[in-house]
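Input sequences plus hints: build the corresponding full structure.
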Amino acid sequence: MTSTASSMDTRQGQAPHDQRPSWLQRLRRFGYPAGPAAAGPADVRDRLVPPYAEPSPRLWLALGVPPALAERITRWSGWVGPLLVTLVAGAMRFWNLGSPKAVIFDETYYAKDAWALVHRGFEVNWDKNANDLVLQSGGHLTIPTDAAYVVHPPVGKYVIGLGELIFGFDPFGWRFMTALLGTLSVLLLCRIGRRIFRSTFLGCLAGALMAVDGLHFVMSRTALLDGVLMFFVLAAFGCLVVDRDRSRARLAAALPADADGRVRPDAHTADTLRLGWRPWRWAAGLMLGLAFGTKWNGLYILAAFCVLAVLWDVGARKVAGARQPYVAVLKYDTGITFLATVPVAVAVYLVSWIGWIRSPADGSGGYFRNWAATDGKGGHWTFLPDWLRSLWHYEHEVYEFHVGLSSPHTYQSNPWSWLVLGRPVSYFYESPAAGTDGCPADAGQKCAREVLALGTPLLWWAACFALLYVLWRWLFRRDWRAGAIACGIAAGYLPWFMYQERTIFFFYAIVFLPFLCLAVAMLIGAIIGPPGSTDTRRVLGASGAGVLVLLIAWNFIYFWPLYTGTAIPIDNWRSRMWLDTWV
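Numbering (the numbering used here) for the sequence shown: 315 to 897.
Bear in mind the hints are in silico, worked out from the structure with no lab data behind them. Take these hints with a grain of salt, some might be off.
[As the list claims (entries may be wrong)] Between beta-carbon pairs, the in silico distance windows are:
1. Pro657 - Leu625: 16 to 22 Å
2. Ser720 - Ala748: 41 to 47 Å
3. Glu714 - Ala568: 47 to 53 Å
4. Val734 - Ile871: 20 to 26 Å
5. Lys691 - His433: 29 to 35 Å
6. Ser721 - Gly452: 22 to 28 Å
7. Gly378 - Met891: 41 to 47 Å
8. His716 - Ile480: 28 to 34 Å
[Claimed, not checked] Derived pair list, reagent style DSSO-like, types lysine-lysine, alpha-carbon separation capped at 27 Å:
9. Lys645 - Lys632
10. Lys760 - Lys415
11. Lys415 - Lys442
We put the beta carbon where it would ideally sit given N, CA and C, even for glycine.
Next up, the structure:
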């Protein structure tokens, strides 16, 4: 009977699953690793701290790397992959960083403010021809003493000024730190993506997508504050993600095991366990303070991330078996969350003004530094230090300026148009004649040299679909990764809709760009195929995903001249103006 049944088995001769061609097995390692439900976890630990996808040395062996070295590289792939992506991103961002040799767009404010801050402790009023003098003298000119009224906190300008102190008061010097932070943000995104997706491939993909985004590239090569703000926001998010893993691991370790060694949910432990001081949450507070001290919209990020951290704590205790997870979080977690974020952020913000605070209060120091001793005499708050009252008055005046800012600008845009790249910002434009400033002698016409703050179009348009996918995953699948990505996008994007009448610009979107890249990486992971997909599904998905990534990379290369100020014939420039609103 057995032999008859075997002879009628039409599957005879087929390779079992684990004997399929090696390229099919390798393909299964990409996309999302199998989740707890697919893998059939033995205990609740795998739900609290999901395992990472296991890397394989086959790729390195195929490239001819010796087996011992291949094994070592594989063990360190969680760092090797991100570092390789970062190396490529850094090479692109530091290449010819001093070009254009000019003060472009708002560098006219921040480069000079940074130089004054690191030397005087407060911003000053420069002569109208200061830009030309800076470039002609190599930065060797006397710093004025007359204090200037500025509307952004000092952290971002101190960051820019650090590069100027090291490399000089010239285009390379004032762009160095933004290029460095832009490069490091790629590394951060690779590592953050790896941690939330539990996949080195998807983490590196998210970082690589940001490395070839035009807006990120241009902002990394320009001395503006928004790129600095983006770095601190991303660093704060990364700290919270690490804290999430560490706290859930501590919960898992505290849960009791049964006779078979399997860990089960336990209501008493989940409802009463204290998770300690949580240093990564304090680090997040520090980063959020630096973000707030760079631009005020860091406050919206602070509020959103605090809510996100609390919800993560609720989810962790619920998985661990808490009967009243919200009550437990309120008792044991909310206090530390508040202390580690809000007071820390405010303290960092105040410390960032130390140069202004230490400046003289006799009228020769920072702007409004002497307000409490002059116009601010009397009132109900005289028991406070003069510097604090003067600073509060300064901040109030800045707030009034921001909410009333409505001066029209050629490149202003409405936030509704940002995701589809409705109105990018031109930072620099020249029309050199043939044979001059890099314009080919045989061009036969004038050329165009432009630095255009334009996101890589195919990446941003793909991100529109990725955002819809992320919202679907969060709302209908309760995927915490999608919720975290959506939170990052919402915190950096939605507040601008409250200021429809204000003069705002597309490049503000750099703050939530990392989360758009995570969304696209998550979508690509879904395109490649979920756990349990057939090989045919994986091949088709990987092919489609590969085509999309290659098209995005090609799109970045195509617009490279517009990102770097490279001179190209005017007809070639016009061919890159895909939308009328880009001109």
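query: Which of the listed hints are not met by the structure?
result: 6
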